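Asks: Throw the hints in and build the complete structure from the sequences for me.
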Amino acid sequence: MASFKERCVEYFGTDDIYEILGVERDATEKEIKKAYHKLSLLVHPDRVDDSKKALSTEKFKVLGKIHAILHDKEKRKIYDDYGEIDEETDSSFNWIDYWRAIFKKIDVKVIEEYEKNYIGSETELRDIKKAYVASKGNMDLILEMVPFSNCANEPRIIEIVRKMVDDGEVEEYPGFFNEPAAKKARRKKKEDKEKKVAEKINRQTLDQEIKLNNERRLKGFADMISDLEAKYGGAKKRKSLTDGQKTTPVKKRKARK
1 MASFKERCVE YFGTDDIYEI LGVERDATEK EIKKAYHKLS LLVHPDRVDD
51 SKKALSTEKF KVLGKIHAIL HDKEKRKIYD DYGEIDEETD SSFNWIDYWR
101 AIFKKIDVKV IEEYEKNYIG SETELRDIKK AYVASKGNMD LILEMVPFSN
151 CANEPRIIEI VRKMVDDGEV EEYPGFFNEP AAKKARRKKK EDKEKKVAEK
201 INRQTLDQEI KLNNERRLKG FADMISDLEA KYGGAKKRKS LTDGQKTTPV
251 KKRKARK
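Under full-length UniProt numbering, the sequence shown is numbered contiguously, ending at residue 257.
Be aware that a few hints might be false.
Pairwise CB distance ranges, derived in the manner of DEER restraints [as the list claims (entries may be wrong)]:
#, residue 1, residue 2, range
1, K136, R156, 17 to 27 Å
2, D192, I78, 39 to 49 Å
3, A134, T57, 16 to 26 Å
4, L125, T57, 19 to 29 Å
5, D80, N178, 41 to 51 Å
The hints are simulated quantities; they were obtained by calculation from the structure and are not laboratory data.
Source: prediction; values computed, not measured.
For glycine and all other residues, C-beta sits at the position ideal for the given N, C-alpha and C.
Replies: Here it is in structure tokens:
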């Protein structure tokens, strides 16, 4: 299993957790929380494209742990002094619950608004530049590293990088601009396959939820009927105090003439 620092490099191109958040080493707790919130919205598993859900979940975990480290004074000091990171955090730790404990429950409209503001922004341009340089022009990795990107965005990303190359901002990697058609086709095929798998999982999850809801409704209906029977006499009558005992018939008295 990869170490935490290795996962930082794999998903964000560096093992410097301050650089990943985009804050200075002397950043305040408020600045760190704000940066964590901003980045976590970009990769929150509940709002990314289905084909990127698994990758985004891993990125989300890394960001959660970074915040947990920098939020803890002792752990932050150890990292600042020695560059060491606690590797003992339980792999099953629920980072979604951790996130929700810090921030309000995620709102779909908030994410959609953030995505709209992100596309075409200076932040996106910086992310594309960083991904292009870190991956040496590998489009597969660029699409993984840049939030909200997919195969449909490739032409726009190529156009953005071309301008950066022309302006002398970045080195030109020929493989990026002359990528074989077969490689593009494989990437698109993989993305389509991942979408289908994700859709299937979502359908199965939905079917299971419907089944559970139906079972809950049926149980609730059965309980209601039982309550009504008990209340209005549909249930068995309660035994009398003399049940099980012999009783002597009462003789009728003759009427007087």
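Asks: Run every hint past the structure and note whether it holds.
Replies: Consistency of the hints with the structure:
{"no.": "1", "hint": "K136 - R156: 17 to 27 Å", "verdict": "holds, 20 Å"}
{"no.": "2", "hint": "D192 - I78: 39 to 49 Å", "verdict": "holds, 45 Å"}
{"no.": "3", "hint": "A134 - T57: 16 to 26 Å", "verdict": "holds, 21 Å"}
{"no.": "4", "hint": "L125 - T57: 19 to 29 Å", "verdict": "holds, 26 Å"}
{"no.": "5", "hint": "D80 - N178: 41 to 51 Å", "verdict": "holds, 44 Å"}
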